[in-house]
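Chains S and Z, in that order, are what the protein sequence lines are.
FYI, in the numbering used here the residues of the first sequence are 83 to 223.
FYI, in the numbering used here the residues of the second sequence are 2 to 384.
Calculated directly from the structure, the hints in this document are not laboratory data.
As a list, the in silico DSS-like pairs of lysine-lysine whose alpha-carbon atoms are at most 30 Å apart:
id	chain 1	residue 1	chain 2	residue 2
1	Z	K307	Z	K173
2	S	K110	S	K188
3	Z	K360	Z	K180
4	Z	K173	Z	K32
5	S	K188	Z	K155
6	S	K149	Z	K155
7	S	K121	S	K110
8	S	K98	S	K202
9	S	K202	Z	K155
10	S	K149	S	K188
11	Z	K32	Z	K58
12	Z	K155	S	K191
13	Z	K32	Z	K99
14	Z	K155	S	K200
15	S	K110	S	K98
16	S	K188	S	K142
17	S	K90	Z	K58
18	S	K110	S	K212
Going by beta-carbon spacing under 7 Å, a handful of chain Z positions derived as facing chain S:
id	residue
19	P137
20	A147
21	L148
22	R151
23	V197
24	M247
25	F253
Footprint (simulated), chain Z over chain S, 3 or more residues, beta carbon under 8 Å:
id	stretch
26	88 to 102
27	152 to 162
28	182 to 189
Virtual Cβ for every residue (Gly too), placed ideally from N, Cα, C.
Okay, here's what each chain looks like letter by letter:
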Amino acid sequence: MGFEKFGKISYIRETKVAPFVDYLEQGKVMATRCRSCGKMYFPPRMDCEQCMTSDNMEWKEIVNEWKILTYTVSEFAPTGFEDDVPYILAIAESAEGLRVFTRLSKDVKEEQLQSDMKFKLAPVRLPDGKITYELQPLEEG
Amino acid sequence: MSEVAVVGVGQTAFTRSCGVTIKELCFEAFKEALEDCNLYPKEIEASLICSAPEYDKQRSPAGAIVEYLGLNPQPTTYVENICASGTTGVRLAYSLIKSGLHDIVAVIGFQKMSELTSREAQERMGRGADIMWDSPFGLTMPAGYALYARMHMKTYGTTEEQMAEVKVKSSKYAVLNPKAMFQREVSLEEVLTSRVISSPLKFYDCSANADGASCVILASAEKARKITDTPVWIVGIGSASEPLSMANRTSFVGLNCAVEAARQAYKMAGIEPKDVDVAEVHDCFTIAEIMAYENLGFCNPGEGGKLVQEGQTYIDGDFPVNIDGGLLGKGHPIGATGGSQVRTIVMQLRGDAGRLQVKRAEIGLVHNIGGIGLYGNVLIFRR
Ligand SMILES: [Zn+2]
Numbered sequence: 083m084g085f086e087k088f089g090k091i092s093y094i095r096e097t098k099v100a101p102f103v104d105y106l107e108q109g110k111v112m113a114t115r116c117r118s119c120g121k122m123y124f125p126p127r128m129d130c131e132q133c134m135t136s137d138n139m140e141w142k143e144i145v146n147e148w149k150i151l152t153y154t155v156s157e158f159a160p161t162g163f164e165d166d167v168p169y170i171l172a173i174a175e176s177a178e179g180l181r182v183f184t185r186l187s188k189d190v191k192e193e194q195l196q197s198d199m200k201f202k203l204a205p206v207r208l209p210d211g212k213i214t215y216e217l218q219p220l221e222e223g
Numbered sequence: 002m003s004e005v006a007v008v009g010v011g012q013t014a015f016t017r018s019c020g021v022t023i024k025e026l027c028f029e030a031f032k033e034a035l036e037d038c039n040l041y042p043k044e045i046e047a048s049l050i051c052s053a054p055e056y057d058k059q060r061s062p063a064g065a066i067v068e069y070l071g072l073n074p075q076p077t078t079y080v081e082n083i084c085a086s087g088t089t090g091v092r093l094a095y096s097l098i099k100s101g102l103h104d105i106v107a108v109i110g111f112q113k114m115s116e117l118t119s120r121e122a123q124e125r126m127g128r129g130a131d132i133m134w135d136s137p138f139g140l141t142m143p144a145g146y147a148l149y150a151r152m153h154m155k156t157y158g159t160t161e162e163q164m165a166e167v168k169v170k171s172s173k174y175a176v177l178n179p180k181a182m183f184q185r186e187v188s189l190e191e192v193l194t195s196r197v198i199s200s201p202l203k204f205y206d207c208s209a210n211a212d213g214a215s216c217v218i219l220a221s222a223e224k225a226r227k228i229t230d231t232p233v234w235i236v237g238i239g240s241a242s243e244p245l246s247m248a249n250r251t252s253f254v255g256l257n258c259a260v261e262a263a264r265q266a267y268k269m270a271g272i273e274p275k276d277v278d279v280a281e282v283h284d285c286f287t288i289a290e291i292m293a294y295e296n297l298g299f300c301n302p303g304e305g306g307k308l309v310q311e312g313q314t315y316i317d318g319d320f321p322v323n324i325d326g327g328l329l330g331k332g333h334p335i336g337a338t339g340g341s342q343v344r345t346i347v348m349q350l351r352g353d354a355g356r357l358q359v360k361r362a363e364i365g366l367v368h369n370i371g372g373i374g375l376y377g378n379v380l381i382f383r384r
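Bound-form chain S, shown alone:
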């Protein structure tokens, strides 16, 4: 239980990484790191595919600075997301080499996107009390 609060539409309720949502509620975006082999996981997971150990992960705050690798402006949505169009979906890479697939803040217009623009991954509270994250422009200084 706990993960059903994540995302506009959630398909998952139970997972070992449900604390991710609690951290998000506190304003923190967390990854996991394997205590046995050191591999970092984002999105987080509790089972390590590299050394095959389970439940020996520590939660670790990410370096929250991202650059967009590629994006699309979606004018067409799956059932349940129709009210959101158009929305920008993007793949971004962090300063420490993690990758995320997520949405861009509605405040960002496509014309503003420059390749060197920096973003942060920020928790967003949805109207029905659920929570998600999105990329928002990183203010310098």
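Given chain S's structure and the hints, the job is docking chain Z with the ligand onto it.
Coordinates of chain Z with the ligand only, in the frame set by chain S:
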């Protein structure tokens, strides 16, 4: 060990709405394949039924279909690799024959996408991504391929015009294929001005949902030579997978699963990309065909757009590709698509492709992808 050949192929017309049941749809493709090789249902020793199950009302469709096709009490198995289900079926049929378990196996692929309302279909499409980390953001198939398209443009300078050229080519051949859904040629201008679905992909950059069925009958060498004078041999098979979640992809300029499947298939066949005389590639979107040229080694990475623009993938080019309309021209009834691609190559290698015949076609290739570059199959055939 016995080699394996395709001895019979069949396909229904691909349509927006077939108006019949999945059993009736499959019957039509199966009957055509049986007539193609003069076999009776009782001579088929096993069947593989391929589709994407989320579109079906019938639970475990293989049972319902084989009953209707007269394929009891022979064994049957349901095969699912989304859009690559059909060629995965061929791969498994090949294994069943190679192992000596069976001598004649039918692979039947189908999809009745009109079984669902568009709302239901779009709900299922949303769950085609990783439901934990991708679906909650509203990822669709077009959006997934659009992420690759934008990266390809950014990295190599590929243009929207070059992508549009793929659709122009497809529509030119689809009008000569009576089984294709789109029977109208479209211009570059029409593609470029069609409405945006997920930028940079527009309406005409996308293949359309369709209803349809296909059937491929495979046999051991001994049986194949008795059944037909024109067996088409399977000489190379490659297959690979890629992480489902977008964040765990290492490349957005090509499909890793296609590169790996092609490497395996070329090695097994002992040929090089330049030896391919005719190919069917998985052009679910225009960018997918451009990446396929590169991932199959028809050109270097980044040169795919130029290859189609220069006409090299037309019927008289160095690498004729999708000379039946492709998915963009035929429509894309998920489970039926792989079998339809195999049918086209078999007809080409037999010299039976009529107005769409590629000259001196001796080696043919099929590239069939499931999902957003999730599963990749490459098959190589020789006459
Ligand atoms: Zn580990």
